[in-house]
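Protein chains: 2
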Amino acid sequence: MTYCVAITTDAGLVFCSDSRTNAGVDQVSTYGKMYHFQVPGERQFVILSAGNLATTQAVISQVKRDLRDNAPNSLKTMPDLSEAASYLGEISRQEQDRHASPDGPNAGASFEASFIIGGQIRDDKPRLAMVYPQGNHITTSKDTPYLQIGESKYGKPILDRILTAATSLEIAGRCALVSMDSTMRSNLTVGPPIDLGIYPVDSFALERMRFEEDDEYLRSLTRSWNQNLIEAFDRLPPLAAETELDLE
Amino acid sequence: MTYCVAITTDAGLVFCSDSRTNAGVDQVSTYGKMYHFQVPGERQFVILSAGNLATTQAVISQVKRDLRDNAPNSLKTMPDLSEAASYLGEISRQEQDRHASPDGPNAGASFEASFIIGGQIRDDKPRLAMVYPQGNHITTSKDTPYLQIGESKYGKPILDRILTAATSLEIAGRCALVSMDSTMRSNLTVGPPIDLGIYPVDSFALERMRFEEDDEYLRSLTRSWNQNLIEAFDRLPPLAAETELDLE
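So the sequences go chain by chain: V and U. Just so it is clear: in the first sequence, position 77 is 77 by UniProt numbering, and no numbers are missing. Just so it is clear: in the second sequence, position 51 is 51 by UniProt numbering, and no numbers are missing.
Derived from the structure by calculation, the hints contain no laboratory data. In this text, all values refer to a predicted model and were calculated from it rather than measured experimentally. Do not rely on the hints blindly, as some may be mistaken.
Since copy identity is lost for identical chains, a pair holds within one copy or between any two.
[Said to hold, decoys possible] Lysine to any residue pairs mimicking SDA-like chemistry, simulated, CA-CA at most 25 Å apart: (1) Lys76 - Ser168; (2) Lys142 - Ala100; (3) Lys76 - Leu236; (4) Lys142 - Thr222; (5) Lys125 - Glu83; (6) Lys142 - Phe111; (7) Lys142 - Asp234; (8) Lys142 - Ile230; (9) Lys125 - Lys142; (10) Lys64 - Arg43; (11) Lys64 - Arg161; (12) Lys125 - Gln94; (13) Lys142 - Ala54; (14) Lys142 - Glu231; (15) Lys76 - Thr21; (16) Lys76 - Ile230.
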């Protein structure tokens with residue numbers, strides 16, 4: 001499994017992904033799931049991937065080939081982020097169909113993959129889109145300034161509580177790491193190293209950070225969050241007054 | 001959808017369930033999902049239900065009929081909680097099979113339901129079990145002193161952080177409500193009123209509370225939790241020091 005989240009705020013974009021892949025619990029590997037593509041000063045794209053590893057690798061390879069070969073359709077030629085998401089969805093769909101044709105030897109097997117693509121093309125603002133396994137895509141809204149793929153539920157509540165369009169990149173980045181921490185704690189198949197990418201609006205430069213399992217900041221964040229949550233819980237109004245039982 | 005959680009600690013048992021059922025988003029109703037059965041002074045059972053409403057209602061009806069008719073197998077006659085869970089699973093399995101036989105008119109449709117059953121039989125300690133749609137069941141462990149059915153992921157992280165065998169019933173009850181709050185916030189199909197049941201060990205008496213949507217305690221809990229979480233987040237070590245960008 002995988003967990004990836006991308007956030008858009010007025011200040012820019014934040015991307016966060018884990019690096020664990022598994023086929024059953026005994027075949028666990030580490031693969032980054034964050035890919036960066038750029039035309040310096042012109043366009044920046046980050047792609048996050050989840051799902052079948054063979055599919056996601058094949059899709060990323062095709063995206064790279066199209067760039068290298070100056071293909072008519074590539075991340076260099078797409079007029080906007082929505083078209084780039086359609087292009088990515090089309091490649092993903094083709095790659096899945098190649099292996100999972102309904103009358104072929106793999107009929108019934110699933111090679112599904114999901115992607116988040118985000119970035120900025122000059123003269124447009126930064127944007128995000130999530131590409132479904134079916135190839136279509138959705139974007140963020142003012143009320144939901146983030147997108148998730150993979151094991152998304154454990155880490156969703158904190159995003160809902162913290163993020164707005166006005167959130168700074170520092171807070172959005174921290175929120176993504178906390179969301180990742182909640183997910184890792186509850187699901188063994190999501191794990192470090194954690195990749196974090198921060199893209200300030202109009203910068204046309206991505207800052208990438210990688211947090212290993214023993215990274216000092218990640219450990220202090222995890223420890224503080226656990227401690228702060230317990231304290232936050234302790235300060236809630238006690239239930240005891242509501243009941244007739246002596247609950248202590 | 002539904003969210004139910006049950007907790008076992010050294011001090012007793014806690015049960016919590018929402019009351020929303022839906023078949024599509026336009027057919028939403030309120031049904032309690034917590035059922036209490038007792039032989040005063042002898043045995044106490046609480047059943048929480050999730051899944052197909054027709055199945056869960058039919059199962060609960062059968063459990064009641066068996067009690068009323070003094071059937072050879074009923075919650076009155078089960079020697080221990082594990083047998084009671086098997087009995088419940090058997091009824092559930094039969095009820096599902098009746099409607100979903102593979103060559104009948106409903107072939108392919110799902111009538112699945114899950115249950116948590118908990119309680120105490122005299123001379124045994126309080127116990128919990130979760131009954132899968134397939135009819136088999138699991139119980140808690142020292143490290144995982146809770147069971148969930150329904151929409152369980154949003155509310156899991158707080159349970160993992162707070163609950164141990166030594167947790168008081170007050171804290172376990174509050175933790176169940178906070179877990180419910182996170183779930184309601186992220187999933188529209190889980191909603192109030194919220195039923196809370198608290199069973200102190202060896203008491204052979206269940207205290208039941210119902211929190212309506214405008215309940216003062218529930219509202220103050222929700223508001224405090226949101227506020228405390230934001231403060232807990234604000235006190236985390238800032239990410240800014242980790243990066244070379246000016247993120248504020």
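query = Hint by hint, which ones does the structure fall short of?
reply = Of the numbered hints given earlier, those the structure breaks are 1, 2, 3, 6, 11, 12, 13, 15 and 16, listed in rising order.
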